[in-house]
Amino acid sequence: MSLDPATVRRIATLARIHVEEDELPRLQAELNGILGWIEQLNEVNVDGVEPLTGAVQMALKMREDVVTDGGYPDKVLANAPERAGDFYAVPKVVE
Amino acid sequence: MSLTDLTIAAARDGLRAKQFSARALTEAHLTAIEALNPALNAFITVTGERALAQADAADAAIARGALAPLTGIPLAIKDLFCTEGVRTTAGSNILSPFIPPYESTVSANLLRDGAIFLGKANMDEFAMGSSNMTSAFGPVTNPWKRKQDQNAALVPGGSSGGSAAAVSARLAMGATGTDTGGSIRQPASFCGIVGLKPTYGRCSRWGVVAFASSLDHPGPFARTTQDCAILLRSMAGHDAKDSTSADVPVPDYEAACARSVRGMRIGVPREYRVDGMQAEIEALWQQGLQWLRDAGAEIIDVSLPHTKYALPAYYIVAPAEASSNLARYDGVRFGLRKDGEDLRDLYERTRAAGFGPEVRRRILIGTYVLSAGYYDAYYLRAQKIRALILRDFTEAFAQVDALVAPTAPSAAFAQGENMDDPVQMYLNDVFTGPADLAGVPAISVPAGLDANGLPLGLQVIGKAFDEETVFAVGAALERVAAFNALPTLRAGA
Numbered sequence: 512m513s514l515d516p517a518t519v520r521r522i523a524t525l526a527r528i529h530v531e532e533d534e535l536p537r538l539q540a541e542l543n544g545i546l547g548w549i550e551q552l553n554e555v556n557v558d559g560v561e562p563l564t565g566a567v568q569m570a571l572k573m574r575e576d577v578v579t580d581g582g583y584p585d586k587v588l589a590n591a592p593e594r595a596g597d598f599y600a601v602p603k604v605v606e
Numbered sequence: 178m179s180l181t182d183l184t185i186a187a188a189r190d191g192l193r194a195k196q197f198s199a200r201a202l203t204e205a206h207l208t209a210i211e212a213l214n215p216a217l218n219a220f221i222t223v224t225g226e227r228a229l230a231q232a233d234a235a236d237a238a239i240a241r242g243a244l245a246p247l248t249g250i251p252l253a254i255k256d257l258f259c260t261e262g263v264r265t266t267a268g269s270n271i272l273s274p275f276i277p278p279y280e281s282t283v284s285a286n287l288l289r290d291g292a293i294f295l296g297k298a299n300m301d302e303f304a305m306g307s308s309n310m311t312s313a314f315g316p317v318t319n320p321w322k323r324k325q326d327q328n329a330a331l332v333p334g335g336s337s338g339g340s341a342a343a344v345s346a347r348l349a350m351g352a353t354g355t356d357t358g359g360s361i362r363q364p365a366s367f368c369g370i371v372g373l374k375p376t377y378g379r380c381s382r383w384g385v386v387a388f389a390s391s392l393d394h395p396g397p398f399a400r401t402t403q404d405c406a407i408l409l410r411s412m413a414g415h416d417a418k419d420s421t422s423a424d425v426p427v428p429d430y431e432a433a434c435a436r437s438v439r440g441m442r443i444g445v446p447r448e449y450r451v452d453g454m455q456a457e458i459e460a461l462w463q464q465g466l467q468w469l470r471d472a473g474a475e476i477i478d479v480s481l482p483h484t485k486y487a488l489p490a491y492y493i494v495a496p497a498e499a500s501s502n503l504a505r506y507d508g509v510r511f512g513l514r515k516d517g518e519d520l521r522d523l524y525e526r527t528r529a530a531g532f533g534p535e536v537r538r539r540i541l542i543g544t545y546v547l548s549a550g551y552y553d554a555y556y557l558r559a560q561k562i563r564a565l566i567l568r569d570f571t572e573a574f575a576q577v578d579a580l581v582a583p584t585a586p587s588a589a590f591a592q593g594e595n596m597d598d599p600v601q602m603y604l605n606d607v608f609t610g611p612a613d614l615a616g617v618p619a620i621s622v623p624a625g626l627d628a629n630g631l632p633l634g635l636q637v638i639g640k641a642f643d644e645e646t647v648f649a650v651g652a653a654l655e656r657v658a659a660f661n662a663l664p665t666l667r668a669g670a
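Protein chains in written order, with this note's numbering: chain A, 512 to 606; chain B, 178 to 670.
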């Protein structure tokens, strides 16, 4: 199946990536090239196969549900592009 | 012999015997970086002062007899590993201002064992690439040149291209890398060095900038299998901070390198003999098998029937996970911010400006295959095929101890080649991708040169958590291949 320009734009919106109008045709061609190549997976019979989510199957470890880290807001906020006190600052979202 | 030519094992002995100081060893590498990094661009950040302070601490430790496994050994750290107080970019503009307030577990393990960090190695952006051409900090040049064309700048492979080039050119004794589709083994092959992708879970992913979490494998580069074994032993081990970290003992890999392959069963996966394979790669593969036969191993043909579907499945699973992992780069909490009309516009402009074309493509593919209505057709199907690929390996390993195959379908290519069609670049990982999907360990060992005088690697793939056999077979190939060719650009040349 092939993506049309509207679908490419919708995906870019879902991914929150700004795309200029003149970038669309090239992007569409590249994505369709990749998806076309992936189509060959449809040849494989996967009836009754359980999907593999991770490489090595192991039981996840359990631990006590307690706080093990934290308490250093300055470290956490050290890389913030903009901060206000102990908070991240963003453009106004509620008028 | 120059200090920069030493192996890690030899430097360890020399430091212990006080033949030279850690400071002298570190200075020799910093001098080499100063001379050659402008041409190679292997390092994004060089931490010279910090390295010298670590070297002095190492010399003090040696003086009081407090030796750790890597005391005084200078290494390069792929710029995907967070290093406390040292900028970590993942090769991306979006992380260009990022200074981690914490240390990744793998790099912390290396520091615990006395290693010295020379700096942060260049890489494809977010480890997405096979040529190091996608780095926001410029391409890395392979220290090897074509015999007939010394002017052409070749790629070092990728994504861990800076790590591989640094070790090959003797700017570092070893390096860390990560392998998600081949990003350790393919650059190791292109640069004529050894690179190992351990079993999934062997090395903690905590503090490693995430690309595709179920596929990301941290691992070592060095110029010998023994040196890789020394590094892996320090890097590996259980980590409570990574829920997928394996709580299994870490054996003595160095000892495993000395094991004989006599009586071992070595599998030759017939599906790796692809149409159009270069004759010299096929010949090197046959040569490698003959070497192992001569060393007393039994060579057995095996089948991994789903091999050809590994890469297309990878290009669903990896972008899907990447689109999710990279959602965190929103211009709010860390990294680059581009202002917009409102918060949503800020997100979209930050991500458009911060991510390069390959990363944007993969995020879009990942977003699409996970989107409503397409999940079953793409992502679920790819995970079922991943299960079949693992089954192929499991069935093969019921018959053999390890598999041997070429690492990459070609030697290093020129910068700018394979750039027009993304799929063409993806095909570089045709022999490496399957082991990532299955999570099994694999090593690339330099085994010969092509007609252009460029290195070619052979790959040994083993059972999960059996890196020891991988090291044993890799070291056996290394002993017979006696690969001693040197790159054109190197310290002391």
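Derived from the structure by calculation, the hints contain no laboratory data.
From the three backbone atoms N, C-alpha and C, an ideal C-beta is built for every residue, glycine too.
Among the clues, some could well be false.
[Unchecked claim] Selected chain A positions facing chain B (in silico; Cβ < 10 Å):
1. Asp580
2. Val587
3. Ala589
[Said to hold, decoys possible] Distance windows between CB atoms, simulated:
4. Met569/A with Asp233/B: 38 to 46 Å
5. Ala570/A with Met454/B: 39 to 47 Å
6. Ala435/B with Asp580/A: 39 to 47 Å
7. Asp553/B with Asp580/A: 35 to 43 Å
8. Ala243/B with Gly544/A: 40 to 48 Å
9. Asp597/B with Tyr583/A: 47 to 55 Å
10. Lys324/B with Gly582/A: 30 to 38 Å
11. Gly581/A with Ser501/B: 20 to 28 Å
12. Asp478/B with Leu571/A: 35 to 43 Å
13. Arg521/B with Glu550/A: 30 to 38 Å
14. Ala243/B with Pro584/A: 33 to 41 Å
[Said to hold, decoys possible] Here chain B is said to cover these stretches of chain A; the calculated rule only asks that three of the stretch's residues, wherever they fall, bring their Cβ under 8 Å from a Cβ of chain B:
15. 525 to 538
16. 541 to 548
Of the hints given before, which are not true for this structure?
Result: hints 8 and 10 break, sorted rising.
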